[in-house]
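So the chains spell out like this:
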Amino acid sequence: MTTITKYRSPVQDGRDGFPQLLHAEWTKFRTVRGWVIGMIVAILVTAGLGLFLVAASGNVSCGSVSPSGSGPVQHGAACGGPPPLTLGPGGEPVTDSFYFVRQPLAGNGSITVRATSLTALSQGAVNTANNTPGLHTGTLRPGLVPWSKAGIIIEQDLSQGSAYAAMMVTGGNGVRMQWNYTGDTPGLSGAVSAASPRWLRLTRDGDTITGYDSTDGAHWTQVGTVHLAGLPSTVQAGLFATSPQYVAISTSFGSGNINNAVTGATAVFDHVSRSGAWPASTWTGGYIGGDTLAVAPGIAEGYHQAAGQFTVTGSGDIAPAIPGAGNTAVGHEPIGFFLAGTVAGLIAVIVVAAMFMTAEYRRGLIRTTLAVSPVRGRMLAAKAIVIGSAAFVTGLAAAAGTVIAATEMAHARGYAMFPVPWPVELRLIAGTAALVAVAAVLTLDVGTMVRRSAAAVMIVIVTILVPYFLTFTAAVPAAIGEWLLRITPAAAFAVQQSTPQYQQVQAAYTGGLGNGFFPLAPWAGFAVLCGWAAVALAAAAYLLRRRDA
Amino acid sequence: MSLALSAGQRSHRAWPETIHAEWTKLRTLASTWWLLAGAVALTVAVSAATVAATAVAPGLDPVKLSLTGIQAGQAVVAILAVLVISNEYSTGMIRVTLTAMPRRLTVLAAKAALAGGLVLAAGALAILASMLAGRLILPGHGFTLANGYQLLSLGDGPVLRAACGSVLYLALIALLSLGIATAVRDSAVAIGTVLALLYLFPIVASVVSNQHWQRHLEQIGPMTAGLYIQATIGVHALPLTPWQGLGVLTLWAAGALILGGLVLRFRDA
Numbered sequence: 001m002t003t004i005t006k007y008r009s010p011v012q013d014g015r016d017g018f019p020q021l022l023h024a025e026w027t028k029f030r031t032v033r034g035w036v037i038g039m040i041v042a043i044l045v046t047a048g049l050g051l052f053l054v055a056a057s058g059n060v061s062c063g064s065v066s067p068s069g070s071g072p073v074q075h076g077a078a079c080g081g082p083p084p085l086t087l088g089p090g091g092e093p094v095t096d097s098f099y100f101v102r103q104p105l106a107g108n109g110s111i112t113v114r115a116t117s118l119t120a121l122s123q124g125a126v127n128t129a130n131n132t133p134g135l136h137t138g139t140l141r142p143g144l145v146p147w148s149k150a151g152i153i154i155e156q157d158l159s160q161g162s163a164y165a166a167m168m169v170t171g172g173n174g175v176r177m178q179w180n181y182t183g184d185t186p187g188l189s190g191a192v193s194a195a196s197p198r199w200l201r202l203t204r205d206g207d208t209i210t211g212y213d214s215t216d217g218a219h220w221t222q223v224g225t226v227h228l229a230g231l232p233s234t235v236q237a238g239l240f241a242t243s244p245q246y247v248a249i250s251t252s253f254g255s256g257n258i259n260n261a262v263t264g265a266t267a268v269f270d271h272v273s274r275s276g277a278w279p280a281s282t283w284t285g286g287y288i289g290g291d292t293l294a295v296a297p298g299i300a301e302g303y304h305q306a307a308g309q310f311t312v313t314g315s316g317d318i319a320p321a322i323p324g325a326g327n328t329a330v331g332h333e334p335i336g337f338f339l340a341g342t343v344a345g346l347i348a349v350i351v352v353a354a355m356f357m358t359a360e361y362r363r364g365l366i367r368t369t370l371a372v373s374p375v376r377g378r379m380l381a382a383k384a385i386v387i388g389s390a391a392f393v394t395g396l397a398a399a400a401g402t403v404i405a406a407t408e409m410a411h412a413r414g415y416a417m418f419p420v421p422w423p424v425e426l427r428l429i430a431g432t433a434a435l436v437a438v439a440a441v442l443t444l445d446v447g448t449m450v451r452r453s454a455a456a457v458m459i460v461i462v463t464i465l466v467p468y469f470l471t472f473t474a475a476v477p478a479a480i481g482e483w484l485l486r487i488t489p490a491a492a493f494a495v496q497q498s499t500p501q502y503q504q505v506q507a508a509y510t511g512g513l514g515n516g517f518f519p520l521a522p523w524a525g526f527a528v529l530c531g532w533a534a535v536a537l538a539a540a541a542y543l544l545r546r547r548d549a
Numbered sequence: 001m002s003l004a005l006s007a008g009q010r011s012h013r014a015w016p017e018t019i020h021a022e023w024t025k026l027r028t029l030a031s032t033w034w035l036l037a038g039a040v041a042l043t044v045a046v047s048a049a050t051v052a053a054t055a056v057a058p059g060l061d062p063v064k065l066s067l068t069g070i071q072a073g074q075a076v077v078a079i080l081a082v083l084v085i086s087n088e089y090s091t092g093m094i095r096v097t098l099t100a101m102p103r104r105l106t107v108l109a110a111k112a113a114l115a116g117g118l119v120l121a122a123g124a125l126a127i128l129a130s131m132l133a134g135r136l137i138l139p140g141h142g143f144t145l146a147n148g149y150q151l152l153s154l155g156d157g158p159v160l161r162a163a164c165g166s167v168l169y170l171a172l173i174a175l176l177s178l179g180i181a182t183a184v185r186d187s188a189v190a191i192g193t194v195l196a197l198l199y200l201f202p203i204v205a206s207v208v209s210n211q212h213w214q215r216h217l218e219q220i221g222p223m224t225a226g227l228y229i230q231a232t233i234g235v236h237a238l239p240l241t242p243w244q245g246l247g248v249l250t251l252w253a254a255g256a257l258i259l260g261g262l263v264l265r266f267r268d269a
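Chains as they are written, first to last, in this note's numbering: chain A, 1 to 549; chain B, 1 to 269.
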């Protein structure tokens, strides 16, 4: 008749929700000393390589020679370093060199011309067999490049980087209206010739400049209207001609050759007419800029006026400057360049992320883990969140530390970096952190599938690091490199591209040679990595549920 | 007395027996053969894809171009060599191995000889197949006699040097990896370290704008220096001669093996 009371353990029930699972995984992560050290190593090698790159970017041979004993060591242009950067009205580095045949224009007015010819010569190494790369001054060849340009321009003043708006004929891109270096709008298409001339007109009304084009001088089409804020009442207006350098890159195993050639464009104009107040009585010719591009001796810049016809020859470019080997702002690297050490840090993170899962299999801990949390997908999710967050913080610390330290060090050494706007800097830092985080999750997924750390580390490194390496060192032809940076997880390094590609500038927009340009937009490249990680996560969750542990 | 005799006999026969034991372990692992096949396949595939995507241009070295795949294939070779030792640590097998053969350096030497030998054989296959692909594909891409390019032939001195040197390069990469893996023991850490050592030097060298630093990094990097052996054009412009470059890699491999040997000898397994 005794009643049997059910046994109740005096210990309170433990809760087994997702937060507890997260807490358990976090405890596993933070209490393995080697993994925490691995993450710290990742931060240190990323920042360390970034600082090394800053230190190696100055002019070392110059810095070691101190003039007059203990005096301050000079860096930069005075030591034969790269020429200083010219900044445009938007604060971006620009190239501003052209031949200008000008008169002052007081107040509102307009200028109209007819262009009948645009030709160009190139002097330098053009891509032919058995030719040594580099500039050589012997041979002059026909050298019209797609962005050889000539036309009419209204400039705020004659200083470098001055605000402007221009209407022009180009070598291969038809009529364009361009303004303030980065603006570019297409007009009439097709090449200019005596049989098919192009009429160009610019009118100024206060701060507003409007460009028109026409094939016959009677029927005009408006190409664009731009506002140049703070334009003074008297501006410089007239004819210009310029032609950018020709760049060809050939990549061979482990080395890239850049063939540059200086080009000079010659344009013929007639039917020059003006309206408004033009106080000077004659035209003045002069070369604007010219520090950034060497002018080949065989290209005679200048202008010639006879019977209402103007022939203008110029060399250079009016366009945004592009950083990187073979480009117009060579020697001034943007901050993203100094994040190249991310690859080294990423290797450490990949090793830790692989072990975070494979160590469970190696030690048999996986059976305890799954006994505690029988819903296997939740365990994988908890692990992914913990390692992803830890890797994100690591990447954030590494990238932010590198950006801040490299900027400070460059400043201290007098090294002029290629400036980038602050939103781009933010994207570089956040993007690098996100890249490291998703790569860690991808590694965790692969580790879940293959269960062995060696195989997991190998697979992830071969799919992320090796394509990056093959492209960056120009080990494979650019065509293959571009393809690799589109489809492999290495596409995510696009988040580290600091400067945009401008369609109006032909340049070495390659990932190789340290130029750091990517075929995909930053977040599109990152999405490729996310896609790989998502597929791997799904496969890992499936296998984890289906296989015995 | 008979005990002493057998001990003497055993020490006399230690080397062939160790080799035999290590060979049995290596040959009966499925991963060994998969990794060797993977190394050959990756090397040949990347080489063939590279030559197929290249048009003739000034300064291109057809031999280097045909052997591009080695830069991807070496990663697999490194992993194979790492696993030769770190597998034993992860399974605890190392304690059995060292009980059976207490002379630890002999064990390491046997592993080095076998891993090196296997990689030499697989490397020869991969290099020959890559060269054959180059020989067949390159003439169709403008690398013809008219443009000053001979058909790739092993009878040509520099081509033979590049081919033999590349095979040796792969074997030295295996020894470097084995040495590092013996020192750090954990397979994931060892693979991360080896691949960082191989790939970081060329990546950093390619982004450093300073020529002086670029040259130094390429001279000391195990991969960059070692691959000078593949040059057949512009050899005089290289920072090191081809054989000196392979010598730098040999120093790296020897240093790693010595470090691994010391750790193995003086640390508990």
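Hints are not guaranteed to be accurate.
As the list claims (entries may be wrong) - Distance ranges between label pairs, derived from CB positions:
| id | chain 1 | residue 1 | chain 2 | residue 2 | range |
| --- | --- | --- | --- | --- | --- |
| 1 | A | 158 | B | 53 | 40 to 50 Å |
| 2 | A | 367 | B | 15 | 39 to 49 Å |
| 3 | A | 172 | B | 156 | 35 to 45 Å |
| 4 | B | 156 | A | 377 | 39 to 49 Å |
| 5 | B | 235 | A | 539 | 43 to 53 Å |
| 6 | B | 31 | A | 367 | 16 to 26 Å |
| 7 | A | 40 | B | 150 | 13 to 23 Å |
Stated by the list, open to error - Non-contacting residues of chain B with respect to chain A, defined by C-beta distances greater than 10 Å in every case (computed):
| id | residue |
| --- | --- |
| 8 | 14 |
| 9 | 24 |
| 10 | 83 |
| 11 | 93 |
| 12 | 94 |
| 13 | 95 |
| 14 | 188 |
| 15 | 244 |
Note that these hints are calculated values from the structure, not bench results. In this text, all values refer to a predicted model and were calculated from it rather than measured experimentally. Where a beta carbon is used, it is the ideal one built from N, C-alpha and C, also for glycine.
Okay, the hints, checked on the actual structure:
1. 158/A - 53/B: 40 to 50 Å: holds, 48 Å
2. 367/A - 15/B: 39 to 49 Å: Holds, since residue 367/A and residue 15/B (Cβ atoms, about 42 Å apart) stay within the stated range.
3. 172/A - 156/B: 35 to 45 Å: holds, 43 Å
4. 156/B - 377/A: 39 to 49 Å: violated, 60 Å
5. 235/B - 539/A: 43 to 53 Å: Holds, since residue 235/B and residue 539/A (Cβ atoms, about 48 Å apart) stay within the stated range.
6. 31/B - 367/A: 16 to 26 Å: holds, 24 Å
7. 40/A - 150/B: 13 to 23 Å: The hint (13 to 23 Å, Cβ to Cβ) is violated, given that residue 40/A and residue 150/B are roughly 54 Å apart.
8. 14: holds, 29 Å
9. 24: holds, 21 Å
10. 83: With a cut-off of 10 Å, residue 83/B comes too close to chain A, as the shortest Cβ separation is near 6 Å.
11. 93: Fine: 13 Å to the nearest Cβ keeps residue 93/B off the interface.
12. 94: Fine: 14 Å to the nearest Cβ keeps residue 94/B off the interface.
13. 95: The claim stands: residue 95/B keeps its Cβ more than 10 Å from every Cβ of chain A (closest is about 16 Å).
14. 188: violated, 4 Å
15. 244: holds, 17 Å
Figure legend: structure checked against the earlier numbered hints; hints not met, in rising order: 4, 7, 10, 14.
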